[in-house]
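K.L.:
Chains A and B, in that order, are what the protein sequence lines are. According to my numbering, the first sequence holds residues 1 to 362 in order. According to my numbering, the second sequence holds residues 1 to 395 in order.
In short, the hints are calculated from the structure, not lab data. Check before you lean on any hint, since a few could be wrong.
What the hints assert, rightly or not - Dumping the calculated DSS-like pairs for lysine-lysine here, alpha-carbon to alpha-carbon at most 30 Å:
{"hint": "1", "chain 1": "B", "residue 1": "Lys-69", "chain 2": "A", "residue 2": "Lys-10"}
{"hint": "2", "chain 1": "A", "residue 1": "Lys-335", "chain 2": "A", "residue 2": "Lys-309"}
{"hint": "3", "chain 1": "A", "residue 1": "Lys-356", "chain 2": "B", "residue 2": "Lys-69"}
Listed here are the chains, written in short residue letters.
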Amino acid sequence: MYFGLSEEQKSLEENIQRFLSDNASLDIIKAVANGDEDKAKEVHKGIIELGLSGLIVPEEYGGLELNMLFATVVSAALGSGTAPVPFAGSYIMSPMAINLAGNAEQKNNWLPKIAGGEVQVGVGISEYVGAREDAGIEFTNGKVSGRSLFVIDGKGADAYILANKSGELYLIDSNNSGIEVVELTTVDKTRTSIELILNDVDAEFLEGSKDKAIIEKVLDAGRLMLAADTVGAAQVMLDKSVAYSLERKQFGRLIGSFQAVKHMCAEMAADLEPCHSMIWHAAHCQDNVPEEARLMACQTKAHISEVGKQVSKTATEVHGGMGFTDELGLHYWFKRIGLNRQLLGSPELVREEAGKLQGFDQ
Amino acid sequence: MDLEYGPQYDDFRAEVINFVKENENTKLTGPARSESRVAWQQKLIDHGYFARSIPKEYGGYGGDMDIIKLRIIAEEFAKSPIPKPAGGQGIQMLVPTLLSLGTEEQKQKYIKPTLRGEILWCQGYSEPNSGSDLASLQTKAELDGDEWVINGQKIWTSTAHLSQMCFILVRTEPDAPKHQGISYLLMPMDAEGIDRRPIKQMTGDSDFNELFLTDVRIPAENIVGKRGEGWKVANATLGHERGSLADPNVTQNRLNSLIDLMKSETIDGQRVIDKPIFRDRLLSIQGRLMAQQSNALRILSSQINKDQDANLAKSIVKLQGTELRHELEGLAIDAMGELGTLYEDSPHLRDEGAWQMTYMYFLGLIIGGGTNQIQKNIISERALGMPKEPKIQGA
C-alpha cells in the first residue's frame with residue numbers, strides 16, 4: 001500500500017515547475033496579461049516540448065498514455081505557476097472525448113496531431129452543466145446551430161468539441177463557415193475564453209457519446225484538472241504568505257510572530273493540506289475505482305473550490321495592502337482560483353449533482 | 001499509488017473475519033474491570049487483535065509492527081457489533097510512554113494489567129492556573145526519604161472516579177526553568193490525601209474531576225524518566241491523545257446516521273433532505289469529510305512507507321476533525337429544529353438525545369487535548385516554521 005505520488009510523478013511536477021520558473025516569471029505573466037500574445041505562445045511551445053500535449057493520448061497515436069493521476073500532477077504544477085497556456089480543455093478533455101467517443105477515422109485525424117502539439121481543440125460543455133442566458137446548441141442533419149459560452153481553450157483553436165443539452169458531443173473544424181468567435185475577457189488574464197455563435201455549421205458527431213458515460217468521464221476529468229490547478233495555485237499563495245510574514249516587520253516584530261497572522265496561516269494549511277490527498281485520491285478513483293469515481297470528482301471539485309476561495313482571500317489579507325497591488329502580482333493566483341471555481345459548475349451546482357449521484361432526491 | 005493491501009494479507013483478513021463472526025454475539029457484563037471484560041481483553045490479546053506489537057513479556061501478543069494488519073483488524077471489527085478492545089488513557093498514553101521511557105520494573109509491573117483492563121489510569125496534567133500553558137504547573141512533589149510527597153491541585157481529570165492509578169506531572173525542581181522543573185510520577189489513587197470532586201459538565205454528565213492533593217506519599221521509584229524530564233516524557237504521549245480524538249472513519253458512521261435522519265425527519269410533510277439548503281449543507285460536510293479521509297490514507301501510508309513525510313497532514317487532524325464533527329452534529333440538530341433541542345428522557349426524543357449530547361461533547365473536544373487555538377500555534381510553529389510569540393518578561 002502506498003498513497004502518494006511516485007518518483008516519476010514527483011519529477012514530472014518538478015520539471016514543469018522548473019520550466020515555468022525559468023520561462024514564465026511574474027514579469028512574463030504580467031506581459032501576457034497585458035496582451036503580449038507572443039510571450040504566451042513561447043510558453044505554450046515549451047510545454048508542448050515537455051510532452052504535455054500528448055500526456056493522455058494513447059501510445060498508438062503518438063502520446064504518452066499516462067493516467068489521470070499524472071494529469072492532475074501536471075495541472076497542479078501549471079496552477080502553481082499561473083501558466084498562461086491551454087491545458088484542461090485542449091490536452092485532457094478533448095483528446096479524452098475523441099479517444100473514447102470518436103470513430104477510427106476521427107481518432108487517426110486528430111489524436112496524433114493533438115499529441116504532437118500541431119492542433120488545439122477547445123471544449124464547450126458549459127451548457128450541459130448549466131446553461132446561462134439560455135445558450136445551447138442543436139444538431140440537425142449534420143449541422144450545428146446555437147451558442148456555446150466559455151469554450152475552454154477555444155481561443156485560436158483548430159477545432160471545437162461541443163455538447164448539446166443531453167451530453168452528445170460534436171466535433172467542429174474551426175475553418176468551417178458559419179462560425180462567429182466572440183472573445184470573452186475574464187478576471188483571469190492567464191487563460192483565454194471565448195463564446196461561439198454557430199449558424200448551420202458542418203459538424204461531426206462523436207458516435208460514442210450517445211452513451212452518457214462519455215461526457216460524464218470528460219466532465220469528471222475537466223473538473224479534476226480545475227481542482228488540481230486550484231490546489232497548486234492555493235499552495236503557492238500559502239507559501240508566499242508564510243514567506244512574507246517572515247520578512248515584514250511591524251511594531252518591532254516579524255508579523256509572522258503575531259498569533260493573528262499565525263492562525264490565518266495555520267487555518268490555510270489545515271484546510272489545504274488534505275486537498276492534496278483528496279485530488280490524488282479522486283484521480284486514483286478515475287483510474288482504478290469506477291464505482292467511486294463520479295462522486296469523488298464532484299466532491300473534490302466542490303470542496304477544493306471552497307478551500308481555494310478561503311485561501312486566496314486569507315493569503316491576500318496576510319500581505320496587507322501589498323496583496324492588493326499589481327506590483328506584487330498575488331492577484332494572478334487569486335483570479336486563477338476564482339475562474340476555476342466557476343468553470344464546469346460552481347460548488348453549489350456540483351454538490352447538487354453529488355446529491356443526485358447518491359440518490360438523495362429519491 | 002497503490003491502495004491495495006496485497007494478496008499476502010488475504011489469509012490474515014479471512015482469519016479476522018472468522019474470529020469476528022464467531023464472537024459477534026459476545027456480551028460483556030458488569031462494570032469496568034469485571035471478570036468478563038478482563039477475559040475478553042485477554043482473548044483479544046491471545047489472538048493478536050489487541051496489543052499486537054507489545055512484547056509477550058509485558059503481556060502483549062508479541063507480533064510484528066505491521067500497520068496493515070492493524071488496519072485490517074480495525075476495519076473488520078468496525079463492521080460488526082462485536083465488543084471492541086478497551087481504550088482509555090492508560091492504554092493509549094501510559095503504555096506507549098512506559099514502553100519507550102519506563103524502567104524494566106515499571107514495564108513488568110504496569111503494562112500487563114493495564115492491557116488486560118485490570119488497572120485503569122487517569123491523567124493528572126491540567127491545573128486551574130495551568131491549562132494551555134501546561135508547563136507552568138505548580139503542583140509540587142518533594143522527596144522525603146524514599147517517598148515523594150505531593151501537594152497541589154489538578155483539574156479536568158477524566159475517569160478519576162474509576163481509576164486505580166494516575167500518571168501525574170508535578171514540579172520537583174522549583175528553581176529550574178519551567179519546562180525543566182517537571183517530573184512524571186505514577187500515583188496510586190488509593191493513596192491517602194487525595195480528595196476528588198466531580199465536575200458537572202454542560203452535557204449534564206460528570207466525566208471530569210478535580211483532584212486536591214494534600215501530603216500524598218508515593219514511593220520514590222514511581223518516577224518515569226529522570227527528575228526534571230517530565231515535560232519530555234509527557235510530550236511523548238500527547239501526540240497519542242490528539243490523533244485519537246477525531247478519527248474520520250468514526251465521523252463517516254455519524255454522517256451515515258445523519259443522512260438517515262434527514263431522510264426520515266419531515267417539515268410540512270417534506271423530507272429535510274429534499275430541502276435544497278439543508279441538502280447543500282449536508283453535502284458540504286461530506287466533501288470536507290472526504291478530504292479528511294484522503295488525508296488519513298496519506299498518514300497511514302506514511303506509517304507503512306517510512307520515507308514518506310506526512311508531518312503537516314498529521315498535525316491538522318485534531319483541529320480539522322473536531323471542528324467538522326461539531327458541525328456535523330449541529331446540522332442534525334438544525335434538521336430536527338425544535339425537536340433537536342429535546343434532551344434527557346423527553347417525549348419525542350430522537351436517538352436517545354445522542355445528537356445534542358455529541359454536539360456539546362465535541363465542543364469539549366475542541367477545547368480539550370490542547371485547544372484548537374493551541375493546535376494552530378503548533379501547526380504554524382512546527383509545520384510552517386513561524387516564530388513563537390515573544391515571551392513577556394517574568395512569565
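K.L.:
Next, verify each hint and record whether it holds.
P.N.:
Now for the hints, and whether the structure bears them out:
1. At roughly 29 Å between alpha-carbon atoms, Lys-69 of chain B and Lys-10 of chain A fall within 30 Å of each other, so this suggested pair holds.
2. For the suggested pair Lys-335 of chain A and Lys-309 of chain A, the alpha carbons sit about 10 Å apart, so the restraint of at most 30 Å is met.
3. For the proposed pair Lys-356 of chain A and Lys-69 of chain B, the alpha carbon gap of about 36 Å is over 30 Å, so the pair is violated.
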